[in-house]
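Q: Residue numbers (the numbering used here), protein chains in the order written: chain A, 57 to 271; chain B, 57 to 271.
Check each hint, because a few of them may be wrong.
Heads up, the list lumps identical chains together, so a pair's fine if it works in one copy or across two of them.
[Unchecked claim] Simulated pairs of lysine-lysine, DSSO-like, Cα-Cα distance not exceeding 27 Å:
1. Lys-84 x Lys-241
2. Lys-164 x Lys-180
3. Lys-195 x Lys-184
4. Lys-241 x Lys-206
5. Lys-195 x Lys-230
6. Lys-141 x Lys-267
7. Lys-203 x Lys-267
8. Lys-81 x Lys-109
9. Lys-109 x Lys-241
10. Lys-241 x Lys-203
11. Lys-267 x Lys-206
12. Lys-184 x Lys-206
13. Lys-223 x Lys-178
14. Lys-206 x Lys-164
If you're looking for bench data, these hints aren't it; they were derived computationally from the structure.
One letter stands for each residue in the lines below.
There are 2 protein chains.
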Amino acid sequence: MKDKKNTSASLPTLRRLPRYIHVLKRLKLKNTEYVSATTIAEELEIESIQVRKDLSVTGIVGKPKIGFELDELIISIQEFLNWNKQEDAYLIGVGGLGKAIVSYENFKNYGLNIVAVFDNNKKKIGKKINGLEILPLDKLYDFGERKNVKIGVITTPASAAQEVCDKLIINGVKAIWNFSPVSLKAPKDIIIESVHLSQSLAVLTHKLSMKVIEK
Amino acid sequence: MKDKKNTSASLPTLRRLPRYIHVLKRLKLKNTEYVSATTIAEELEIESIQVRKDLSVTGIVGKPKIGFELDELIISIQEFLNWNKQEDAYLIGVGGLGKAIVSYENFKNYGLNIVAVFDNNKKKIGKKINGLEILPLDKLYDFGERKNVKIGVITTPASAAQEVCDKLIINGVKAIWNFSPVSLKAPKDIIIESVHLSQSLAVLTHKLSMKVIEK
Numbered sequence: 057m058k059d060k061k062n063t064s065a066s067l068p069t070l071r072r073l074p075r076y077i078h079v080l081k082r083l084k085l086k087n088t089e090y091v092s093a094t095t096i097a098e099e100l101e102i103e104s105i106q107v108r109k110d111l112s113v114t115g116i117v118g119k120p121k122i123g124f125e126l127d128e129l130i131i132s133i134q135e136f137l138n139w140n141k142q143e144d145a146y147l148i149g150v151g152g153l154g155k156a157i158v159s160y161e162n163f164k165n166y167g168l169n170i171v172a173v174f175d176n177n178k179k180k181i182g183k184k185i186n187g188l189e190i191l192p193l194d195k196l197y198d199f200g201e202r203k204n205v206k207i208g209v210i211t212t213p214a215s216a217a218q219e220v221c222d223k224l225i226i227n228g229v230k231a232i233w234n235f236s237p238v239s240l241k242a243p244k245d246i247i248i249e250s251v252h253l254s255q256s257l258a259v260l261t262h263k264l265s266m267k268v269i270e271k
Numbered sequence: 057m058k059d060k061k062n063t064s065a066s067l068p069t070l071r072r073l074p075r076y077i078h079v080l081k082r083l084k085l086k087n088t089e090y091v092s093a094t095t096i097a098e099e100l101e102i103e104s105i106q107v108r109k110d111l112s113v114t115g116i117v118g119k120p121k122i123g124f125e126l127d128e129l130i131i132s133i134q135e136f137l138n139w140n141k142q143e144d145a146y147l148i149g150v151g152g153l154g155k156a157i158v159s160y161e162n163f164k165n166y167g168l169n170i171v172a173v174f175d176n177n178k179k180k181i182g183k184k185i186n187g188l189e190i191l192p193l194d195k196l197y198d199f200g201e202r203k204n205v206k207i208g209v210i211t212t213p214a215s216a217a218q219e220v221c222d223k224l225i226i227n228g229v230k231a232i233w234n235f236s237p238v239s240l241k242a243p244k245d246i247i248i249e250s251v252h253l254s255q256s257l258a259v260l261t262h263k264l265s266m267k268v269i270e271k
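Model the full structure from these sequences, guided by the hints.
A: Structure (C-alpha cells):
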C-alpha cells in the first residue's frame, strides 16, 4: 500500500468511497478475506472499471486474480478519507436534528468527534445531551482560544445559520457541515458541505406526483 | 400562471427549486412584493439564466421589468413539487434520526405527512413519539389494507434496511426516502431517493485533511 494521502479525488469518487466501506464491512461479517472490484461493483450496481479507478486514488494495489485484502482495503479508504483519525467538531443548534447528530455514535467511525454543543435557547442551556453540556453561543470564544476545533456542524433554523457560520469562522473553524436550508456565504478557503434535506425531498415528492399522473 | 404539472424537470432543477422557496420566504418577511430572477440568482450565487430556466418549468411567467409576484411564485414552485398537498408516509426505525424526522414539523411544508411509525425493538413498541404510537413492523399489513400510503422513510440500521424496503413495497409504497447507508434494490418503477450522510461527511473530512497538508 502506497501513501498517496496528498492526492485529491473528484467529488463523485469521494461520495462513492463510503459506500465501498459499507459493502466491505458487510462482507467482513461473512468472513470474506479477499474481494475483487467486480464484487463491489455488482453489489452497488455500478461499473467495475469505476470501482477500480476510485480505489486507485487511495494508493492500494490488489493482487491479480485474487483482489484486495479486505481489512487492508478498508483501512486504505479510511485513511484516504481521514477517518482513521477523529477530527473535533462543534455543533450549534440543539433541535431535533442536532440532538440526533450528537447522539449518533457512528459518526465517530466517520472521523467526526463532537466535543461541544451550543444553543441560544435559555431553556436548553445547561442541560446535557450525550454527556455534553449545552453552552450559550458566546462561549465559542473561550473554546476557540483553548481548543483547535476545525469542524462546525450547523443545525440551527435558517434565520440563525449565517450568523453562526460567521462566528465559527472567526473562531478558527475551517470546514462547515451545514444542515440549515441556507446557502452560507464564507471566504473561499472555508470548506462548506451542505445537506439540504428539503432538496432530497423535492426530488421524491415531484417524481411521485409525476408517477400518479402517469397512471 | 399556466398549469404545467405534467412536465418533468432535471434532477439539478428539482434540487434548486426548494432553495428558491427558502430565498423567497426570506424576502417575504421583508415585505417584498415582486422579485426578479436576477435577485434570486445573486442571493444564491448562481447564474440568473439558470434561475429563469428553472422557474420556467413551473409554468410561471414574470412581468417584464417587474419580475415575479412573490406569493404567486412560491405557490407555483410548491405546486410543481407537489408540496401544496401533503403525501402520507410511514417511517420505519425510531432511532435518533428517525425521532428527529418524525418531530420535525417543517416537513409538512415540504409535502410529507408521517402517519405511522414502526420499529421492531420491543422496548420502543407502544411508546408515543410526536403523538404517534410506535408499532411493530408486522402492523404494516393492517395499515396497507386500510390506507393509501405511497411514501416510506427508512431510518433503520443498515442490516434491516433491505428487508424493510421489500415489506414497504409489498404494502403499496411507491417512493422510498432512504437514510440507511445501504444501496437498496427495488423494482424499476419504485422511486428511491437516498440521503447518505456518511458520503457528505467523506467530502468534508477528506477536503479538510487536504487543507491541513497544504499548510
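Q: For each hint, tell me whether it holds in the structure or not.
A: Verification of the hints:
1. Lys-84 x Lys-241: Classified as between; 21 Å across copies, 42 Å inside a copy.
2. Lys-164 x Lys-180: This pair counts as both: shortest intra-copy Cα distance 24 Å, inter-copy 25 Å.
3. Lys-195 x Lys-184: Cα proximity of Lys-195 and Lys-184: one copy only (16 Å, versus 35 Å across).
4. Lys-241 x Lys-206: within (17 Å within a copy, 37 Å between copies)
5. Lys-195 x Lys-230: Only inside one copy: Lys-195 and Lys-230 sit 18 Å apart there, 47 Å across copies, limit 27 Å.
6. Lys-141 x Lys-267: Close across copies (15 Å), not inside one copy (45 Å); limit 27 Å.
7. Lys-203 x Lys-267: Cα proximity of Lys-203 and Lys-267: across copies only (18 Å, versus 52 Å in one copy).
8. Lys-81 x Lys-109: within (20 Å within a copy, 43 Å between copies)
9. Lys-109 x Lys-241: between (34 Å within a copy, 24 Å between copies)
10. Lys-241 x Lys-203: within (24 Å within a copy, 44 Å between copies)
11. Lys-267 x Lys-206: Between copies only: 11 Å across chains, 44 Å inside a chain, cut-off 27 Å.
12. Lys-184 x Lys-206: within (23 Å within a copy, 38 Å between copies)
13. Lys-223 x Lys-178: within (19 Å within a copy, 44 Å between copies)
14. Lys-206 x Lys-164: Result: close within a single copy only, 15 Å intra versus 34 Å inter.
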